[in-house]
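So the sequences go chain by chain: A and B. Per our numbering, the first sequence starts with residue 1, numbered consecutively. Per our numbering, the second sequence starts with residue 1, numbered consecutively.
Just so you know, the hints here were simulated from the structure itself, not pulled from any lab data. Given the structure is predicted, the values throughout are model-derived calculations rather than measurements. Ideal placement from N, C-alpha and C gives every residue a C-beta, glycine not left out. Do not take every clue at face value.
As the list claims (entries may be wrong) - Covered stretches of chain A (in silico footprint by chain B; criterion: 3 or more residues with CB under 8 Å from a CB of chain B, positions within the stretch not fixed):
1) 12-20
2) 72-80
3) 104-115
Unchecked claim - Listed next, the in silico EDC-like pairs over lysine to aspartate or glutamate satisfying Cα-Cα at most 20 Å (straight line):
4) B/Lys-337 with A/Glu-80
5) B/Lys-315 with A/Glu-33
6) B/Lys-14 with A/Glu-45
7) A/Lys-36 with B/Glu-6
8) A/Lys-104 with B/Asp-370
9) B/Lys-14 with A/Glu-107
10) B/Lys-366 with A/Glu-95
11) A/Lys-48 with A/Glu-64
12) A/Lys-36 with B/Asp-370
13) B/Lys-366 with A/Glu-78
14) B/Lys-366 with A/Glu-80
15) A/Lys-105 with A/Glu-61
16) B/Lys-14 with A/Asp-57
17) B/Lys-14 with A/Glu-95
18) B/Lys-376 with B/Glu-353
19) A/Lys-36 with B/Asp-363
20) B/Lys-366 with A/Glu-33
21) B/Lys-14 with A/Glu-33
Read off the chains here:
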Amino acid sequence: MTTGSSRSRTMWIALAAVLATIAAVWYINLPPEIVKATMDDVRVEAEKGGYRLVDIDTLAELYETRRDQILLIDTRQEWEYRSGHIAGAVVFPMEPTRWARWRKKGELKAILGPDKQKSIFFY
Amino acid sequence: MFRYPEGYPQWQSKGLPVAESKAKPLTDGPKSDLTGSFTGWQLVWTLIGIFAGGLALNLTPCVYPLIPITVSYFGGRSGTGKSGLVGHGICYIGGLSLTNSFLGVMAALTGGLMGAMLQNPLVLVGIAAVMIVFASSLFGLWELRLPFWLTQAASKSYSGFFGSFFMGVTLGVVAAPCIGPFVLGLLTWVAARGDPLIGFVVFFTLSLGLGTPLFVLALFSGRLKQLPKSGEWMNWVRRLMGWVLVAMAAYFLKPILPVVMQKYLLPAIAIAAGWHLGWLDKTTATFRSFAVIKILVSIVCLVAGTYLAGNQFFKGPSVRWHQYSDQLLADAAGQGKPVIIDFYATWCAPCRELDDITFHHPDVVKFSHDDYIMVKVDLTKQGDRRYDRLLETYAVKGVPTVIFLDTSGHERQDLRLVDFIGPDAFLIRMVSLR
Chain A
1 MTTGSSRSRT
11 MWIALAAVLA
21 TIAAVWYINL
31 PPEIVKATMD
41 DVRVEAEKGG
51 YRLVDIDTLA
61 ELYETRRDQI
71 LLIDTRQEWE
81 YRSGHIAGAV
91 VFPMEPTRWA
101 RWRKKGELKA
111 ILGPDKQKSI
121 FFY
Chain B
1 MFRYPEGYPQ
11 WQSKGLPVAE
21 SKAKPLTDGP
31 KSDLTGSFTG
41 WQLVWTLIGI
51 FAGGLALNLT
61 PCVYPLIPIT
71 VSYFGGRSGT
81 GKSGLVGHGI
91 CYIGGLSLTN
101 SFLGVMAALT
111 GGLMGAMLQN
121 PLVLVGIAAV
131 MIVFASSLFG
141 LWELRLPFWL
151 TQAASKSYSG
161 FFGSFFMGVT
171 LGVVAAPCIG
181 PFVLGLLTWV
191 AARGDPLIGF
201 VVFFTLSLGL
211 GTPLFVLALF
221 SGRLKQLPKS
231 GEWMNWVRRL
241 MGWVLVAMAA
251 YFLKPILPVV
261 MQKYLLPAIA
271 IAAGWHLGWL
281 DKTTATFRSF
291 AVIKILVSIV
301 CLVAGTYLAG
311 NQFFKGPSVR
321 WHQYSDQLLA
331 DAAGQGKPVI
341 IDFYATWCAP
351 CRELDDITFH
361 HPDVVKFSHD
371 DYIMVKVDLT
381 KQGDRRYDRL
391 LETYAVKGVP
401 TVIFLDTSGH
411 ERQDLRLVDF
421 IGPDAFLIRM
431 VSLR
């Protein structure tokens with residue numbers, strides 16, 4: 001291998017690395033898509049995940065009668081939680097991305113607490 | 001995947017029990033990131049870098065050729081047995097640490113006395129110039145030479161553990177042309193921070209980086225033969241350290257540069273360093289891994305520079321800012337919209353952080369379009385009379401200062417900001433205004 005061709009090979013590698021970095025940085029800085037969801041989307045998603053959907057009145061009744069047997073988890077951002085949340089709920093902020101799902105796995109266990117008898121409600 | 005945050009609003013509209021959490025009060029943080037102490041991840045990364053710097057300094061022309069001799073010196077003194085070698089190694093590192101840490105603490109204390117002078121642009125330019133001068137020495141433009149009597153005294157050899165200790169103490173003198181400029185540059189940086197504890201820790205870490213290879217080689221003296229031969233490549237390492245000093249000088253100058261240069265000077269230096277060290281510099285060595293290391297280092301520099309420049313270039317939309325006017329505030333109060341006033345200056349580092357991070361956050365940007373009026377006031381020019389009344393009304397004492405006015409135009413004093421906070425904390429304050 002002559003010096004000339006190895007030098008141009010390293011130039012190509014460097015150029016590739018720089019272009020890959022530019023592409024990665026551009027992608028990371030894209031503004032997040034705001035996806036407007038409907039109730040039907042929610043129903044489909046709940047079925048896929050095996051979750052039950054509960055309406056406000058049912059939850060309100062449970063809240064009044066069996067307060068200590070339910071655990072309410074607020075999944076909105078912390079600033080949304082602070083400006084107003086269901087009294088007694090805890091905050092577990094999560095963005096709707098795969099990255100957040102992977103990152104937050106361990107923390108969810110801590111939030112759920114030791115009592116396995118409680119019913120858990122996410123909102 | 002999507003969000004469907006309708007649960008809470010429906011609950012609230014039915015009048016069911018809700019609760020709020022108040023925003024936590026802010027504690028005052030450091031105003032400038034050039035001075036004072038720093039902890040956490042920043043400290044860890046800095047120390048790792050300095051340890052690596054110490055390791056790299058071993059590869060310079062003044063130190064590297066001496067390594068085999070020094071190691072055999074340890075071996076010769078102790079006779080046989082590993083414990084003697086360990087003892088010598090520890091004494092060597094001890095001597096190194098003593099000199100360097102002492103210099104570090106002294107520099108920090110001296111710098112600490114200078115205090116506010118470091119906000120002075122002339123002083124910053126002076127410091128940067130000093131670092132560039134030292135960098136030019138590492139690039140080979142001139143050699144640092146200490147007085148002859150000093151070098152003579154440092155080259156004396158003593159016996160026993162004290163001998164090894166003395167070698168550590170005087171390495172800085174003996175290897176001054178190579179180590180000197182970098183150490184002096186680092187001393188300048190430590191002096192600027194003014195914190196003796198940081199001064200000690202930084203230079204102790206440097207000493208560990210400098211002394212550890214020798215220590216390890218003393219324990220595995222058989223491996224000495226496998227070390228690469230000295231050569232021109234050692235000057236390449238010197239040039240690399242020169243670029244590190246150039247980058248440090250740019251970092252010092254950052255606050256007083258125009259905004260475009262603040263964003264792109266350091267990335268430009270990284271890219272220039274990568275290009276110079278990888279392609280313009282034609283050094284080769286007899287051992288093959290040098291070519292690999294050379295390419296790797298230059299690619300890392302290029303990628304780092306591109307990453308930093310790219311993050312600035314591709315930044316998403318910022319907050320919708322309004323120009324200040326009394327009429328604007330009156331209109332906002334009339335419409336019942338809260339107002340947020342950001343007082344900033346181009347030389348203020350936390351202001352730039354607020355701008356880069358918090359004011360580019362999508363939720364903050366969204367609020368700024370409809371529900372909030374956000375105003376930026378540029379206080380960079382001293383003696384600008386336009387904003388005098390405004391500054392007086394709100395008793396603005398420095399930058400950054402972020403004032404929060406509620407829907408009727410009165411200030412919420414408890415929410416006022418004088419330092420950087422992240423987007424989440426900022427959003428919490430924003431919603432407290434409603």
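Hint-by-hint comparison with the structure:
| no. | hint | in the structure |
| --- | --- | --- |
| 1 | 12-20 | holds (count 4) |
| 2 | 72-80 | holds (count 6) |
| 3 | 104-115 | violated (count 0) |
| 4 | B/Lys-337 with A/Glu-80 | 19 Å, holds |
| 5 | B/Lys-315 with A/Glu-33 | 15 Å, holds |
| 6 | B/Lys-14 with A/Glu-45 | 26 Å, violated |
| 7 | A/Lys-36 with B/Glu-6 | 12 Å, holds |
| 8 | A/Lys-104 with B/Asp-370 | 32 Å, violated |
| 9 | B/Lys-14 with A/Glu-107 | 32 Å, violated |
| 10 | B/Lys-366 with A/Glu-95 | 17 Å, holds |
| 11 | A/Lys-48 with A/Glu-64 | 30 Å, violated |
| 12 | A/Lys-36 with B/Asp-370 | 18 Å, holds |
| 13 | B/Lys-366 with A/Glu-78 | 17 Å, holds |
| 14 | B/Lys-366 with A/Glu-80 | 14 Å, holds |
| 15 | A/Lys-105 with A/Glu-61 | 30 Å, violated |
| 16 | B/Lys-14 with A/Asp-57 | 10 Å, holds |
| 17 | B/Lys-14 with A/Glu-95 | 27 Å, violated |
| 18 | B/Lys-376 with B/Glu-353 | 15 Å, holds |
| 19 | A/Lys-36 with B/Asp-363 | 15 Å, holds |
| 20 | B/Lys-366 with A/Glu-33 | 13 Å, holds |
| 21 | B/Lys-14 with A/Glu-33 | 31 Å, violated |
Comparing the model with each numbered hint stated earlier shows that hints 3, 6, 8, 9, 11, 15, 17, 21 do not hold.
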